[in-house]
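We have chain A; now place chains B, C and D onto it with these hints.
The residues making up each chain are set out below.
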Amino acid sequence: MVDQQFEPKIVGFLCRWCSYTGADLAGTSRMQYPPNLAAIRVMCSGRVDPTFVVKALQDGADGVLIAGCHPGDCHYSEGNYKAMRRYPMLLNLLDQFGIDRRRVRLEWISASEGEMFARVVSEFTQQLKTLGPLRWPHTIEQFCSPA
Amino acid sequence: MIRLADCGAVGRLCAELNRDKPKIEILVSRGTCGTSRGADRLVEAVQTALNKAGTNGNVRLRVTGCLGYCDIEPIVIVRPAGFFYPQPKPDDAAEIVQQGLLGKSVPRLFMEDPNTGKPIETVSDVPFYKHQNRVIFGANFDLDPTSIDDFVRIGGYQALAKVLSEMTPEKVIDEVTRSGLRGRGGAGFPTGVKWASCRKAKGQLKYVVCNADEGDPGAYANRGLLEGNPHSVIEGMAIGAWAVGASQGYVYVRTEYPLAVELMSRAVQEARAAGLLGKNILGSGFAFDIHINRGGGAFVCGESTALMASIEGHVGEPRAKHIHTVESGLWQAPTTLNNVETWANIPHIINRGAQWFTQIGTGDVTGNPWGGSKGTKIFSLVGKVNHTGLVEVPMGITLRKVIFDIGGGIKNGKKFKGVQTGGPSGGVLSEKHLDLPIDYDELVEAGSMMGSGGMIVMDEDNCMVDFARFFLSFLEDESCGKCTPCREGVVQMRQILTDICQGKAKEGDIELLHDLAEVVSESSLCQLGATAPNPVLTTLAYFKDEYDAHVRDHKCPAGVCKALTTYRIDWEACTGCGVCFKNCPSDAIRGEKKQPHEIQVDRCTKCGVCYDSCKFNAVRRN
Amino acid sequence: MIQLTIDGKKVSVEPGQTVLDAAREGNIPIPTLCSHESLIPYGACRLCIVEVRHRNKTRLLASCTLPAAEGMEVTTNSEKVIRTRRMLAELLLARCPESKAIRNIAAQLGVEKTRFGKPHLKDNSAIVGTDGCILCGMCVRVCNDILKIGALGFEGRGASRRVVTPFEKPSEVCLSCGACSFVCPTGAIEHHRIRLHKPEPIPAEFEYGMVNRKPINIPFPQAVPRVPVIDPDTCMNFRTGGCKICEDNCGVHAIDHAQQEKIEQVEVGAIIVATGFELFDSRKLGRYGYGKLDNVLHALEFERMSHASGPTGGKILTKNGQPPKAVAILHCIGSRDENTNEYCSRVCCMYSLKFAHLVKEKTNAEVYNLYIDMRAFGKGYEEFYKRILGEGVHFIRGKCAEVTSAARTPEEKGKLIVVAEDTLLGMTRRLPVDMVILSAGLIPGKDSDKLGRILGISCSQGGFFLEKHPKLAPVDAINDGIFFAGACQGPKDIPDAVAQGAAAAAGALSLIDKGKVVLEPITAEIDEKRCAGCQLCVANCPYGAIEYNKEKKISIVTEELCKGCGTCVAGCPSGAARQKNFEDVQILAEIEGILTAS
Amino acid sequence: MIRQEQRIGVYVCHCGTNISHTIDVETVAKFAETLPDVVIVREYKYMCSKPGQELIRQDIDEYNLTRVVVSSCSPLMHEETFRNTCEDAGLNRFLFQMSNIREQCSWVHGDRKKATEKAKRLIAAAVKRVHHHGALEQRHAPVNPNALVIGGGIAGIEAALKIAEAGRKVYLVEKEPSIGGHMAKFDKTFPTLDCAACILTPKMVQVGQHPNIEMMTYSEVTEVSGYVGNFKATIRHKPRFVDETKCTGCGQCVERCPVQFRPVDGHPVRRPEDLLSAEMKIQADTALDEHRHERNPVVTVLQDINQLFGYLPPPVLKYVSAQLKVPLSEVYHVATFYTAFSLVPRGEHIIKVCMGTACHVRGAQRILEAIENRLEITAGQTTKDMKFTLETVNCLGACAMGPVVVVDKEYVTVIPKDVNRLVDRIVHEPVPV
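Protein chains in written order, with our numbering: chain A, 174 to 320; chain B, 834 to 1455; chain C, 5 to 602; chain D, 36 to 468.
You may find that some hints are simply not true.
[To be verified] Some chain C residues judged to face chain B by a derived CB distance under 10 Å, without partners named:
id, residue
1, L51
2, A66
3, L95
4, F120
Because the hints were derived from the structure by calculation, they are not lab data.
Glycine is no exception: its CB is placed at the ideal position from the N, C-alpha and C atoms.
With the rest of the complex left out, here is chain A (with noise of 0.2 Å):
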C-alpha cells in the first residue's frame, strides 16, 4: 500500500554547466514537476563525494540525485567519468546499510534537457514514494542486527 501523504525529501546535486542550466531552463519553461527536490549546486558532477549521499540519507533524505553533463560534454572534459566510476562502489555501500539502491540516481542532464530535468524529479519522486520513507538509522539497525 503507499502511503499517499508521504512527500519523499530529495536532495538534487546538480552541475553547474549543464543540469543547474537545465534545471533553470526547465524553471524559464514553466514546467511543472514534484517540488521534493532541492538543489545543490556543484561546479562539476565529479565534485560530488560519495560521503555527501550518505551524509543526506542520513539527514532525512529519502533519495539523492545526481546530475552531470552528458560523458563527452563535461566543461572540465572527465568529472562526469569520475562520477560515473564513483557511483557503483556508492551503489554497493548502500547495499551493505541495507539501503535500496534504487534511492540514489546518477543521470545525465544537458543545459537544453529542461524538460528531461522536469521528468526525472517527477520519476524519481514517484518512484520513492513507492519506496516509502527511508527512516535512516531505524532501517538501518533494522537490518545490521535483526532482531
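Same frame as chain A, but now just chains B, C and D:
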C-alpha cells in the same frame, strides 16, 4: 700466348716469332664465301697431304680469312713462289702440296687471264689484285684470324706500344688529324677533329664505339676485316681510347655476321690474356676494355645515336643530334664512334706516319682536314660484274678503273648501265660518271655518297625505276617509324614508284615524287630519312628516259617490271627443245617436242626462267 | 640569356631552352602536334619545322628539339617551310583520312585534300588509338616515362609501327587515369581498347560532382587564396612516384609533393566559432527520388547550375541539355518534419522564391512552388514574395508526397511526376515537370560534434551549438571567451550571419580590450599537514595541475592551471584537498539546511 | 571547531509577482528571522533593482553585517550583481550566497504551500552554507590580444575583419582550400537578387590581404587547451603540396596535369614467374644471370633467349620485364622492333633468303617466290608441320655469292634456273643443324 708486361715486349715477341720462318707456306682462304664452297674439306685435304709428305716443320699451313676475291673463293696460295690456285678441288690438294714442296706449280689449275688468254701463275699478276693498293686488306693474306701470334708476327700492336710509350694523347690526335683520315662510315667526318672534340668534352667516363652494323645491303667490307683481321680493329680502338681518354669500348656487330661475332670475341679474349686489353695495358697504367654487342637486325642502328640507343638496351630510335655524340653519347657520356675500317686505318697511320698517309688519295689536307680524301677505301664490288669481291683502292681512282680493270667488265658481255654507291643513302651513277674520281666530295657532288663502300654494278637488264622502288621498299621496312616524313613519306614514294612499275602512274606523279623527295630529305630527323630520296633523285636525274618509258609508253626497257613486259616465243628461232617447257615453274608453256612452243599469257607469271634458260634466245621480251 | 631573332623579332631565352620555347615567349605561332608542355621534346611529327640561318648555313630544323643559340635567325613562315608543312599535312591526311582532328589541323595549314592514298597497314583493330592515330608517341611517353606505369608501348617499326598494349591484351598495369587521351593531339585514344574498366571521372566537390576535376585544382575562380590543392588519393605521384608534371611546369617552384602536414600552436584570448552548416542530405528521403531519378537536384546543385562559373555556365538545363518546360520547387525537405528535423531552417522559403524567379528569368518554364507556410520573415522578404507572386509562379499549398517517373497519361511520359496534396483545393495533384528542385533544410556542419568536444561546448537539440542564453547571449558560448557566429549556432540567413559575425567580434574585442579577465577563486588546495602523498588527486586531475613533490612527499596544486572542478577534492581519501567556496563543510551545511527546516 | 558569531542579513525577493504568486514571501521571511545569526530579514519587490541593492548596502553599514543571503532568481542570472553590491559596501564579495526560489521553485511548483515549504528549506540551506564562507580574493589573468576564428564562411569573414580592423591579430582557420563557405557557391542572394560573388569576393580579398589576419586555409583545429583569455589552440595544416607564399595562381599546373580520371588498381595478376614452367625458368635465368650486372641489358638478354628458345615466348618476356624492372611495354617494343626476334615459335630449320641489293639485282625476288610457292607459305611464316620457317633478310653480307639463301648455318648460292632443285634438297634431306 704469354702476357706482355711492357711496351718493348711486343717488339721482342715479333722478332722471336719471325726467327724460324718456314721455307714453304701454304695459305687456304676460308671466309664466309669460302666455307660455303667447301673450304673445310679443302683444308683437310691439304693437311692430310702435308702430314703424308712429312715436312718436318719447314712447311706451314695457314688458314686465312676472306682474301677479297669472292668469285673464286676458296683460294690456295703456295709461298714464297706465290702460286695462285682459284677454287681447287680437294683431291687436287695432294698434287699442289707435292709440287709446292719442290717449288713447282700445277699449271692446269691456274686461271686464264680473260683478255690475254695466258694462265695467271702468281698472286702478283692476278688482274683483280694488280690495280688494288691493299694497305689495310693485304694483311688478311698473312693472318690466321684466330691466332694473335700471327698478328704480332706481322707487326701488330707495335703501334699501340709506340703510342703508350712515346706519344701523348694530343700527339696521337695531331698525327691522325694531319693524316687527313676521314670517317669510312660514309659521311666522311675528319677523324682527328672528332677525336679532338671528344677529348675536350667534360666527363671522366668516356666511350669509344666501333660501328660494325654495316646495314647497307651490298656492302660487306667490314665483314671481311672483322673476320680476316680482328686484332687490327682492337688495336685501333685501344689507340683511339688512349687518345680521347676513354676506358670502355663497344663493338656493335650486326646479327647477320655470326662468324664475325665469334672471331671478334675470341680476339678480345686473346688480347686480354696478352695484357693488351684490361687493366695496366703493357704496364703503362692505361686501362681499356672492349665489349661485343650483337645488333638485333635493324639498318637504322647504323646511325650513331640509334646504335647507342641499342647498346643502351632500347630500340634503335635516333635522337636529334644538335648536341653531338662526342659531348653526350652513350649514357650521356662523351663517345667517339667510328667505322670498322676507320679504326683499322689507325695503326698504319701511327706506324708509318701521317705524311705517308697523305701521299695516298686526293686533295690537300695541310691545315684543313676537309681539304681532301686521303688513304684507301675498301669497296664491295658486286652486281653484274665479272669479278666480284672486296676491292681496296686509293681515293681518287675512277669508277671505270674499278669496274672494268679490277672488276673485269660487265658479266656475259652485257652493256653497262649504272653503278650504285653508298647503299640506300647513296645514289645511282650513270655512264657519264665513269671517269669521276671516287672521293667523298665528288660523289656527294654527283648526288650519291661514299657510304660504307657498297658498289653495285648494273647492266641493261636492270630497270632503274624498279631499282629505286627496291631501295624505297627496303627503307620502308627499315625506317624506325618515329618521324612523319620518313615513316609516311618513304611509303608514299614507294607507292608511286610501284604504280609507275605497274603502269598505273597518274599525271603529275613524277613532279609529286620530286616534291615529296625533297620534303622527306629536308625534314626527316636522322640521316636515314634525309638520304632516303637519293636513289630516287639520282635515277630521276640520270635515267629520266626510263621513267618516261614507264609512264608514257607503259614499257619497261629492261623487262624487269612484270606488269609492263610480256614474254612470247619467236617461232622462227624456237627449236622446240623443251628446256623452257621443263623449267617453267607455273607450266605456262605449251608445245610438242621439236615444234615451236608457245607461252600462255594468262598463266605466265613473267618469272623470266624461260628467257634465261633458252639457249637459242628464242624467247622475246619487250 | 640567349638572344635570337624570329621572323625579324628579337627574343631572348634562358640557355637550354629551345627555339620553340623562344617562339612561344615572343608569341609567334608555330604549329606542333607531338610536343606538349608536360613532356620532354621528342621531335617526331616535324610540323614545327622552321628555317634556321646559323653560322652562315641555312637549314630546315625542328624547332621543338633545337636548342636556341646566340645570333640565330629563324623564319617560321618562309615559302619552303609552308610547303614542307603542307606536304607533311597531306601525308598525315593520307594515313588518317577519316580523323576529324587531322582534317582541321591540315585545314589550318591550308591543306584541304591529299594527293596520296591510304597506305595499307596491318589490321589495327587491336591498337590503342583509332585510325586517327598519327604515332606521335605522346601517350606512350606520358605513360612510360612520366607516370612510370608502362601500360602502352609501340610495336614494330616503319610504317606498320603501332601503339598497342603488350601482346595486344588488355593492360594489367593500366590505372585508367586518362593521361594518354589527355595528351593525344587527335583524340584518337579509346580507353576500352587499353583496359575494359570504365574510367571514373573525379567529381569536383565544389560543384557537387556535376562537373569533374583533376587531382590538382583550384575550387573556384575567385578562391582566396587562389592556390591549387593536390588530392593525394588521385594524384599519380603518390601512387607510382612518377609524374610531377605540375611541379616541373611551375614557374615559381611552388609545388612540392613531399610537403608534410604542419602542426602549429597559436595562443589566443578569444575564439569565435563560425563553422556554418551542411545541407540536409536529400538521399535520406527516398520518395523524392534524389540520386535515383535524373533532373532531381538539391538546392546547392541548382545554385551551382545557375552560377555563371558553374558547370553549365549559368544556363538552366536538364540532363539532356534542353531547358526545362516545367519546374517544381519543393519546400521543407528535411525541415519541419518529425521524421527528419523538426526545426524550421528559416531560409528555404526565401531561396525557393529566388529559385522560382531565376527559373522564370532564364527559361520560360512553368514553375510550381509546393510550400506549407511561406516564411518571409526578414526585411524586404514579404515584398519579394509579392513580387514573385506577380511573376506567374504557381504556389501550391501542400507537401509533396512523391516524385515518380511512372507516367499514367501520355503527356506525363518522360517527365517527372510530382504527386502532392493541394490543401487549398482539397485534392491530390499530379504535376508533370522536367526538373524538381528540393529546397533542403540546414543541418549542423559535418564534424561540428568533434569541434564541440575539442572546445568543450555542448550542442543543443538539432545538433547546432548551444548558446549561453537564447535571448540575452545568443553569440556567447557557455564557456567564457568562446563566441558563435552564423549558422553553426542555428539555421539563419546571410544578414543574421553577418550580424552575428560582428557581434561575436565585438564580444571578443571587448574581452581582449579589457586586457584582463577575472577568474573565480574556486581553485583546489591541499593541506600539507593532512596530505599522505597517496597521489590519488594527481591521477584525478584532467589538467595536470597537481604534482607530487618528492622531497616533501606531498602533492601540490599549481593554482594557475587549476580550473576548479573539484574532482580531486571528492577523490581525496584524507580530506586534505579542499576547494575554495565549495568546501565540504559548506556543502554539508547546505544539506542540513535543506533537510532540517520546518 | 568553535562557531564564530555571525551577523547575517537575509533578503527575500518578490521578483514582481514571479516569486510571490506561488510563494508566501512573508512567512518565508518570518521563518528566516528564526534562523541562527540572522540579524535582519527584508523582503522587497525587486532585489536586483537599484533600490533593492541600496537596501543591502545600507544594512551592511548599519548592522555591520558579516554575511548576506539573497533568495531570489537563479545565481546564473544575478550572483554577479549582488556580489558587486556587497563589495561596494565593503563586504568581501564571497561572503554572500543566493538561493534560487524562482526558476527552481516558484515557476515550477503550482502548490503554494509546498512551494513556500521548499523556499524555506532553500533559504535555510543558504544561511547555513553562508556561515562557512570565507573571504576570497578574485584572481586576474592577462588576456592574449589575438583572436582565433574557426570557419571562413561569411560569418567568420565578418568577425575576422571586424577584429582585424580593430588592430588585433586574427588567426582564421578554414578546413576547405579556400574561404568563402557556402555563400561562395550561391548565384544570387535574396531578397535583393545581388550577385553573391560580387558582394562576397571583395570581403574575401580584403581578408586575404589584411595584415592582421593570418589565413590558415585547408587546416583544422585539433586541440584547444587553457581558459578564457589564455587559450592555446593546436592547428593541423593539411598538406596542400603547394606553397601559398610562392604560388601566383596562374593555373598553369591545373591546365597541364594529364590525369583526368581516378586511378584504379587493376585486379591482382599472377606473378610472372608463376607463368613459366620450371624448365623455362632455368633457361630464362641463365640468360638473365649472365647480363644482370650490365646496364639495362634488355637487348642482349633477349638475344640469348631468342637463341635458347628459338623465339621469345611471351611469359618469358613478362618474367624478364619483371626481373630487369623495365616496363613490359618497352620490352615488347624491343621484341617487335628487331627482325632477329620472333614472338611466335619458329620451324626446325630457318630458311633465310637474302633480298640485299646485290642479290636483288641477280634475281632474289624470283627465288623467294619459288620457295614460297613450293612451301606454300609466304615470307615470315612457318610451314604447318613446323619444319621450315621462311624469312627474308635485307643483306647477309655475302653479296659476291648473290643471290644467297642461308639454310640454318649453310650459305648456298642459288641460280634462278635451278631453284626448284635447291628446294627439293632442302625439303627432303635438310642440312643437319
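Evaluated hints:
1. L51: Interface hint status for L51(C): holds (8 Å vs cutoff 10 Å).
2. A66: holds, 7 Å
3. L95: holds, 4 Å
4. F120: holds, 5 Å
Checked against the numbered hints given earlier, the structure satisfies every one of them.
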